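Participant: Letter by letter, the chains look like this.
There are 2 protein chains.
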Amino acid sequence: MSPATQYLDVEQPFALRRGASLPGIKLAFETWGELNAERSNAVLLFTGLSPDAHAASSELDPEDGWWEHMIGPGSPINTDIFFVICVNSLGSCKGSTGPASINPQTGQPWRLDFPELSLEDIAAAAQLVVRHLGIEQLCTVMGPSMGGMTTLAWAMQNPQGARHMLVISSAARAEPFSIAIRSLQREMIVSDPQFSGGRYTDEAWPRQGMRLARKLGMVSYRSAIEWQERFGRDLQYRYPKRPFTMNFEVESYLEAAADRFIGAFDPCCYIYLSRAMDWFDASADADNLADALALLHLSSALVIGVDTDLLFPPRQQGEIARTLTRLGIDTRLEMLPSPQGHDAFLVDFENFGNIIGGYFRSIARQEFETQ
Amino acid sequence: MSPATQYLDVEQPFALRRGASLPGIKLAFETWGELNAERSNAVLLFTGLSPDAHAASSELDPEDGWWEHMIGPGSPINTDIFFVICVNSLGSCKGSTGPASINPQTGQPWRLDFPELSLEDIAAAAQLVVRHLGIEQLCTVMGPSMGGMTTLAWAMQNPQGARHMLVISSAARAEPFSIAIRSLQREMIVSDPQFSGGRYTDEAWPRQGMRLARKLGMVSYRSAIEWQERFGRDLQYRYPKRPFTMNFEVESYLEAAADRFIGAFDPCCYIYLSRAMDWFDASADADNLADALALLHLSSALVIGVDTDLLFPPRQQGEIARTLTRLGIDTRLEMLPSPQGHDAFLVDFENFGNIIGGYFRSIARQEFETQ
Numbered sequence: 001m002s003p004a005t006q007y008l009d010v011e012q013p014f015a016l017r018r019g020a021s022l023p024g025i026k027l028a029f030e031t032w033g034e035l036n037a038e039r040s041n042a043v044l045l046f047t048g049l050s051p052d053a054h055a056a057s058s059e060l061d062p063e064d065g066w067w068e069h070m071i072g073p074g075s076p077i078n079t080d081i082f083f084v085i086c087v088n089s090l091g092s093c094k095g096s097t098g099p100a101s102i103n104p105q106t107g108q109p110w111r112l113d114f115p116e117l118s119l120e121d122i123a124a125a126a127q128l129v130v131r132h133l134g135i136e137q138l139c140t141v142m143g144p145s146m147g148g149m150t151t152l153a154w155a156m157q158n159p160q161g162a163r164h165m166l167v168i169s170s171a172a173r174a175e176p177f178s179i180a181i182r183s184l185q186r187e188m189i190v191s192d193p194q195f196s197g198g199r200y201t202d203e204a205w206p207r208q209g210m211r212l213a214r215k216l217g218m219v220s221y222r223s224a225i226e227w228q229e230r231f232g233r234d235l236q237y238r239y240p241k242r243p244f245t246m247n248f249e250v251e252s253y254l255e256a257a258a259d260r261f262i263g264a265f266d267p268c269c270y271i272y273l274s275r276a277m278d279w280f281d282a283s284a285d286a287d288n289l290a291d292a293l294a295l296l297h298l299s300s301a302l303v304i305g306v307d308t309d310l311l312f313p314p315r316q317q318g319e320i321a322r323t324l325t326r327l328g329i330d331t332r333l334e335m336l337p338s339p340q341g342h343d344a345f346l347v348d349f350e351n352f353g354n355i356i357g358g359y360f361r362s363i364a365r366q367e368f369e370t371q
Numbered sequence: 001m002s003p004a005t006q007y008l009d010v011e012q013p014f015a016l017r018r019g020a021s022l023p024g025i026k027l028a029f030e031t032w033g034e035l036n037a038e039r040s041n042a043v044l045l046f047t048g049l050s051p052d053a054h055a056a057s058s059e060l061d062p063e064d065g066w067w068e069h070m071i072g073p074g075s076p077i078n079t080d081i082f083f084v085i086c087v088n089s090l091g092s093c094k095g096s097t098g099p100a101s102i103n104p105q106t107g108q109p110w111r112l113d114f115p116e117l118s119l120e121d122i123a124a125a126a127q128l129v130v131r132h133l134g135i136e137q138l139c140t141v142m143g144p145s146m147g148g149m150t151t152l153a154w155a156m157q158n159p160q161g162a163r164h165m166l167v168i169s170s171a172a173r174a175e176p177f178s179i180a181i182r183s184l185q186r187e188m189i190v191s192d193p194q195f196s197g198g199r200y201t202d203e204a205w206p207r208q209g210m211r212l213a214r215k216l217g218m219v220s221y222r223s224a225i226e227w228q229e230r231f232g233r234d235l236q237y238r239y240p241k242r243p244f245t246m247n248f249e250v251e252s253y254l255e256a257a258a259d260r261f262i263g264a265f266d267p268c269c270y271i272y273l274s275r276a277m278d279w280f281d282a283s284a285d286a287d288n289l290a291d292a293l294a295l296l297h298l299s300s301a302l303v304i305g306v307d308t309d310l311l312f313p314p315r316q317q318g319e320i321a322r323t324l325t326r327l328g329i330d331t332r333l334e335m336l337p338s339p340q341g342h343d344a345f346l347v348d349f350e351n352f353g354n355i356i357g358g359y360f361r362s363i364a365r366q367e368f369e370t371q
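The listed protein sequences derive, respectively, from chains P and A. Residue 371, in this note's numbering, is where the first sequence stops; the numbers in between run on with no holes. Residue 371, in this note's numbering, is where the second sequence stops; the numbers in between run on with no holes.
In case anyone wonders, no lab produced these hints; they're calculated from the structure. Predicted, not measured: the structure shown is a model, and the values here were computed from it. Check the hints yourself; a few may be wrong.
Note: identical chains are not told apart, hence a pair may lie in one copy or across any two.
What the hints assert, rightly or not - The list that follows gives simulated cross-link-like pairs (lysine to any residue, SDA-like), each with its CA atoms no further than 25 Å apart:
#1 LYS241 to SER196
#2 LYS241 to ALA100
#3 LYS241 to ARG111
#4 LYS241 to LEU16
#5 LYS26 to ALA364
#6 LYS241 to ARG18
#7 LYS241 to TRP279
#8 LYS241 to ASP281
#9 LYS241 to GLY197
Model the full assembly from the supplied sequences, consistent with the hints where possible.
Facilitator: See below:
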């Protein structure tokens, strides 16, 4: 874990949406900037499925974070003005309690004995950190991908909890195409003989299942156009040529991406978080999305999508933006023409930095510079 | 095999593009309609990766074929006028020689000892059937998906061999996105422990690898829009609920598709044909596609694509059509707005039937009805 990571230990039982409860939870989080005297400048950032809480470097940890150029003094999310909190998702393996943590009742890792987890639980856990930091109302709640879904879940749980909301490359519910991709990834992992019903060890670890799952992830995170421009039909020799793979540069690229991922993420945590995304439907308990979001008390919202996103297609961002507008919330929809697909928010810094920076500057002008 | 299947046994060695040769080959094919006295009404149909030669029913075999409504008396490819030939691809396991066939030198199945196979070899093998049937020049050469690539390969080998060409949901070369998908499918199969380096048996067969590969195939053959309309977030109970899959209707649909496929296709044949698609590049031996196709002597060409096709995106059909037009060939490009993705040619009979029927009627008017 990053030396900048802080922890919140919650000793009371934590009730989960799908019925069970955890005997207590630990939450890893990191912050940047300073909470102002009015405690009004906090930004809560939810992450995608795999990142940890180390979104950006700081004095405590100079290593680049997963959204390095987005957060910092003078950056689009300007920590000279805003106090940013990023919480490692409940269910992850990057410091917060999850299936890889020790079950205190057995002294062994939870693994498949971990109870059913939902994005609503991740949202509720993060709110414990917000309260722990003494914050009554956030300035902004935000997140990309799974983090955007969690942002919506959080906003429904805390309809007056934030003044602004930013949802990036996300959706109000999982649709069957992305469910199919994630279902396949989970099947790859659990059908690897070394998964052993969750009883894998460091020596016998489901490497091949995780490798396949990560490669399929990469296929769904990027776009055909980007790869055609980047790789074309180039051949490569970085990896040994194997009989039925590893001829083409794109295959080598996927192999390298899988290598970086394997060992860095726990297989059980992966399948729990993946399934939680499938289960997410913001309108599950309402007649429709507008009813589900009707209580939201937001001054503004920004919804960003990417036109080449296969996993969270543009119409899903459109649905969120249209619904918020219909509810009378000052909402902007930005649909970016980026070849980088779902992952664009991690790589297309120019477009995302401009739009997100503009949004936070306008919030700062309204709320902080005129004080 | 269908009782309508015919066979051509070629006893001479068959040289393959990538260097090796086969000691002899058997080719399975089926025909519909009658060759006219001038032997001028033949249509050669190449298939996608997995179909056999039984494209449509006939008196000899009343069972529906894989393109049942497209071929027959009065059908879009009207067998009252045209003589249609469909050849099972060399390398397949549906009657033609392939990795599942017996290697006469060992008395055992070839499996991974089968030499490297290319689409050009499939094209050259089919031409042996054409010559065997006494046909000097085809009226039309055609094919969907892999069959469209093979059609291009055949046309380059036989630049004056057909008067018309029809390429459906295909491409002049494999691009990295589709290479990535196929590479992953092959990795799923060969990494299944039961694949055993190709020494699987009926009892220990790589079911799980084939299951995953077929499911990923289905994900890439259809479209997000179709599945959203068809399945939404419906739950299902057709298959037993498994811990991390089988909650949603779309998962059950994929399971059923995989069940139908498993056992019906040989794993080695699958990976050989899959890799042959990756290797295909019509312009590999030329400076560009126009140079590669420059000798083609066609009266007309029709190129059909589908706007939701992930594997063979519209710009790839556009490239073929533009190039043929630039070469002075009377070419039409039809880009269909179908939600059914790459598989639309198998399911969207209304659109495909109309366009293909129109093309063959215009050929019939020009060439046969005015005689």
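Participant: With reference to the structure, classify each hint as holding or not holding.
Facilitator: Evaluated hints:
1. For the homomeric pair LYS241 and SER196, the shortest alpha-carbon distance between copies (19 Å) is at most 25 Å, but the shortest distance inside one copy (30 Å) is not.
2. When the C-alpha separation of LYS241 and ALA100 is checked against a cutoff of 25 Å, the pair qualifies only between copies, where the shortest distance is 24 Å, while the shortest distance within a copy is 35 Å.
3. Within a single copy, LYS241 and ARG111 get their C-alpha atoms only as close as 35 Å, which misses the 25 Å cut-off; across copies the closest is 19 Å, which meets it.
4. Taking the closest pair of Cα atoms, LYS241 and LEU16 come within 25 Å of each other only across two copies (21 Å); inside a single copy the shortest separation is 47 Å, beyond that limit.
5. When the C-alpha separation of LYS26 and ALA364 is checked against a cutoff of 25 Å, the pair qualifies neither within a copy, at 33 Å, nor between copies, at 75 Å.
6. Taking the shortest Cα distances, LYS241 and ARG18 sit within 25 Å of each other only across copies (16 Å), while inside one copy they are farther apart (47 Å).
7. When the C-alpha separation of LYS241 and TRP279 is checked against a cutoff of 25 Å, the pair qualifies only between copies, where the shortest distance is 14 Å, while the shortest distance within a copy is 40 Å.
8. Within a single copy, LYS241 and ASP281 get their C-alpha atoms only as close as 43 Å, which misses the 25 Å cut-off; across copies the closest is 20 Å, which meets it.
9. In the homo-oligomer, the alpha carbons of LYS241 and GLY197 lie at most 25 Å apart only across protomers (16 Å), although the nearest pairing inside one protomer, at 32 Å, exceeds that limit.
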